Amino acid sequence: MNKIALLGGIYSNYRALEAALADAHGRGADAIYCLGDLGAFGPYPDRVYPLLRAANVQCIQGNYDNSLAEGLADCQCGYTDPRDNYFARLSYSYTFRNTSDENKAWLRTLLGTRRFTLGNRRVLLCHGSPRKMNEFLWESTSPDCFLEYLLNLAQADIVCVTHTGIKWHRSLSGNRHFVNVGVLGRPENDGSTNVWYTLLSADSGAVQVEFLPVAYDYEALAADMRQEHLPEEFIETILTGWWTTCLEILPHKERARGRF
Amino acid sequence: MTQHPTIELKHLDNLWFQVTGTLCNIACAHCFNNSGPNVKTFGFLTIERVREELEVAARLGVKEVAFTGGEPFLHPQLLEMLELSLTYAPTTVLTNGTLLSDRVADRLAEIERNARCSLEIRISLDGYTEEMNDAIRGPGVFRKALAATRRLSERGLLPLITIVRTWGDDEEFPTLAGFVRVLQQAGYSRPRIKVLPSLPLGRELIRTRQQDESTLTEEMLEGFDRDLLMCSNSRIVTDRGVWVCPLLVEMPDARRGATLREAASGYELHHHACTACYHYGTICSNVSAQIEGIGLAERKP
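Chains as they are written, first to last, in this note's numbering: chain A, 1 to 260; chain B, 1 to 301.
Incorrect hints may appear among the rest.
Claimed, not checked - No more than 20 angstroms apart at the CA atoms, straight line, and that leaves these computed lysine to any residue pairs for SDA-like:
hint: 1; chain 1: B; residue 1: Lys10; chain 2: A; residue 2: Arg131
hint: 2; chain 1: A; residue 1: Lys3; chain 2: A; residue 2: Phe211
hint: 3; chain 1: B; residue 1: Lys194; chain 2: A; residue 2: Thr244
hint: 4; chain 1: B; residue 1: Lys194; chain 2: A; residue 2: Tyr86
hint: 5; chain 1: B; residue 1: Lys10; chain 2: A; residue 2: Tyr86
hint: 6; chain 1: B; residue 1: Lys10; chain 2: B; residue 2: Gly223
hint: 7; chain 1: B; residue 1: Lys194; chain 2: A; residue 2: Asn85
hint: 8; chain 1: B; residue 1: Lys10; chain 2: A; residue 2: Trp242
hint: 9; chain 1: B; residue 1: Lys194; chain 2: A; residue 2: Ala256
hint: 10; chain 1: A; residue 1: Lys104; chain 2: A; residue 2: Gln58
hint: 11; chain 1: A; residue 1: Lys3; chain 2: A; residue 2: Ser171
hint: 12; chain 1: B; residue 1: Lys10; chain 2: A; residue 2: Leu147
hint: 13; chain 1: A; residue 1: Lys3; chain 2: A; residue 2: Ala55
hint: 14; chain 1: B; residue 1: Lys10; chain 2: B; residue 2: Leu79
hint: 15; chain 1: B; residue 1: Lys194; chain 2: A; residue 2: Arg83
hint: 16; chain 1: B; residue 1: Lys194; chain 2: A; residue 2: Asp81
hint: 17; chain 1: B; residue 1: Lys10; chain 2: A; residue 2: Leu153
hint: 18; chain 1: B; residue 1: Lys194; chain 2: A; residue 2: Pro82
hint: 19; chain 1: B; residue 1: Lys40; chain 2: B; residue 2: Trp167
hint: 20; chain 1: B; residue 1: Lys144; chain 2: B; residue 2: Gly178
hint: 21; chain 1: A; residue 1: Lys104; chain 2: A; residue 2: Pro50
hint: 22; chain 1: B; residue 1: Lys194; chain 2: A; residue 2: Thr80
hint: 23; chain 1: A; residue 1: Lys3; chain 2: A; residue 2: Ala19
hint: 24; chain 1: A; residue 1: Lys3; chain 2: A; residue 2: Asn120
hint: 25; chain 1: B; residue 1: Lys194; chain 2: A; residue 2: Gly258
hint: 26; chain 1: B; residue 1: Lys10; chain 2: A; residue 2: Glu148
hint: 27; chain 1: B; residue 1: Lys194; chain 2: A; residue 2: Phe260
hint: 28; chain 1: B; residue 1: Lys194; chain 2: A; residue 2: Phe87
hint: 29; chain 1: B; residue 1: Lys194; chain 2: A; residue 2: Asp84
hint: 30; chain 1: B; residue 1: Lys194; chain 2: B; residue 2: Met132
hint: 31; chain 1: B; residue 1: Lys194; chain 2: B; residue 2: Thr215
hint: 32; chain 1: B; residue 1: Lys194; chain 2: A; residue 2: Leu247
hint: 33; chain 1: B; residue 1: Lys10; chain 2: A; residue 2: Asn152
hint: 34; chain 1: B; residue 1: Lys194; chain 2: B; residue 2: Met220
hint: 35; chain 1: A; residue 1: Lys3; chain 2: A; residue 2: Thr80
Said to hold, decoys possible - Some chain B residues flagged as far from chain A (calculated, every beta-carbon gap over 10 angstroms):
hint: 36; residue: Asn25
hint: 37; residue: Arg150
hint: 38; residue: Gly241
Calculated directly from the structure, the hints in this document are not laboratory data.
Remember, predicted model here, so these are calculated numbers, not experimental data.
Glycine residues also receive a C-beta, built at the ideal position from the N, C-alpha and C atoms.
From just these sequences and the hints, can you work out the full model?
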């Protein structure tokens, strides 16, 4: 195995998942991993599970999955802004109601991390960070010295995370790498409607990180969301590529790039 | 006697600089470290000292840096320090906003543009009318702080407006809506807001005539994510040594050593203010930085 596809949060966007899986197969990925947060935000949460199983996607647990599996009251994103909280609760309660008991039980069996070797590089996959499932690692607030610390802590050469919703890659000392693989669930606050996943390869030590845009039928997803009476604010994000909610978690640089 | 928990420094996530000591150009009624004009309990840090400690912190793998005071913009080299700090880590400056002239705003925008890490500028407000705010922060402060938010916003900077909560739960939405409206009218089109709890320290103790002297016990920390307590992830550098956290700088026993290298020892949480950190967790960090964590015990399949 030397080329793998890494999917970030799916957030119930089964249409983007279908497109990403087809793309990854077309590019000859040896294996496909999902870094957690299968549900949230989008419509019909149960629709992603059969797609993941059919494509033999290896999943780890995200904070949303952890909440659903344990029957918790919220998604553990830690919002304090009342508007963000209002939308987060709406989304969580919809996803909780529409995820089958069988799928919740399956989420409970997922591990929080996964380790393997790619080429001769030690890889660690986790959802937020190697120390907390729900720690946000943004490009503009993850300095090199801190990432080196996390790589040492994780005893890995390549650490891959998701959770924030925006992709980035940092090359560090000793051919080590830190990658946020982005998400399939919603566009990354840049005014484009496509979403992203990541191809990682390590041929005899040379590490390659490739971010791949996924075009999908976002208008059909918006129609699904309307059918399910999900908030117009969420639909606007899918149709425009700009985040309208859960904005308080964004650091200055990432927030300033967006519209809201 | 009550047994108080001792918290070790697990990792230095947050490095603070009390860059202007307790010197401030205003004297807020709720100031937790009694800063004000002519208050010289703590003095200024030199840029050399800041540089030395940044080097040490970087080797420890620091995640974020913050500059506080007093009022940081009273330091003649603050802008240089922010620029320097941003070469190491994301950096936050906590200000009352009264000294942010057009020239300073221009420089801040330039510094932010050239940095890979985020620069956060936190401006304190305590009311969305001049009367409400200036009753706590002093005459003229409201207008100056609002003008600063406009200047920054015009230059593409989005300051984080920090507000100490002085209202009841049922007033949450109307109060925050009031702040948003006033900030937008002042020219800050998409305001970012962080609400802080009031702290049982300094002038606030006198202002609110608090009697409660409860402290933390081991039992209270059972099942609690100790990583939320600042003493587990922070240190603050002052001109008189390094303290366990920004809240306890006036407590002599909370001093950990002369320099950051000597300041890693654990701290017994016997102060009343430690309960504020326990109850509110995110007091000093930026909005996104610290939340109750989900541990990652690696289970073998």
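Right, here's what the structure says about each hint:
no.	hint	verdict
1	B:Lys10 <-> A:Arg131	12 angstroms, holds
2	A:Lys3 <-> A:Phe211	13 angstroms, holds
3	B:Lys194 <-> A:Thr244	18 angstroms, holds
4	B:Lys194 <-> A:Tyr86	16 angstroms, holds
5	B:Lys10 <-> A:Tyr86	34 angstroms, violated
6	B:Lys10 <-> B:Gly223	17 angstroms, holds
7	B:Lys194 <-> A:Asn85	14 angstroms, holds
8	B:Lys10 <-> A:Trp242	37 angstroms, violated
9	B:Lys194 <-> A:Ala256	17 angstroms, holds
10	A:Lys104 <-> A:Gln58	16 angstroms, holds
11	A:Lys3 <-> A:Ser171	18 angstroms, holds
12	B:Lys10 <-> A:Leu147	16 angstroms, holds
13	A:Lys3 <-> A:Ala55	16 angstroms, holds
14	B:Lys10 <-> B:Leu79	31 angstroms, violated
15	B:Lys194 <-> A:Arg83	12 angstroms, holds
16	B:Lys194 <-> A:Asp81	8 angstroms, holds
17	B:Lys10 <-> A:Leu153	12 angstroms, holds
18	B:Lys194 <-> A:Pro82	11 angstroms, holds
19	B:Lys40 <-> B:Trp167	32 angstroms, violated
20	B:Lys144 <-> B:Gly178	18 angstroms, holds
21	A:Lys104 <-> A:Pro50	14 angstroms, holds
22	B:Lys194 <-> A:Thr80	8 angstroms, holds
23	A:Lys3 <-> A:Ala19	19 angstroms, holds
24	A:Lys3 <-> A:Asn120	13 angstroms, holds
25	B:Lys194 <-> A:Gly258	19 angstroms, holds
26	B:Lys10 <-> A:Glu148	16 angstroms, holds
27	B:Lys194 <-> A:Phe260	16 angstroms, holds
28	B:Lys194 <-> A:Phe87	18 angstroms, holds
29	B:Lys194 <-> A:Asp84	12 angstroms, holds
30	B:Lys194 <-> B:Met132	18 angstroms, holds
31	B:Lys194 <-> B:Thr215	26 angstroms, violated
32	B:Lys194 <-> A:Leu247	12 angstroms, holds
33	B:Lys10 <-> A:Asn152	15 angstroms, holds
34	B:Lys194 <-> B:Met220	27 angstroms, violated
35	A:Lys3 <-> A:Thr80	40 angstroms, violated
36	Asn25	25 angstroms, holds
37	Arg150	16 angstroms, holds
38	Gly241	24 angstroms, holds
When held up to the earlier numbered hints, the structure conflicts with 5, 8, 14, 19, 31, 34, 35 and fits the remainder.
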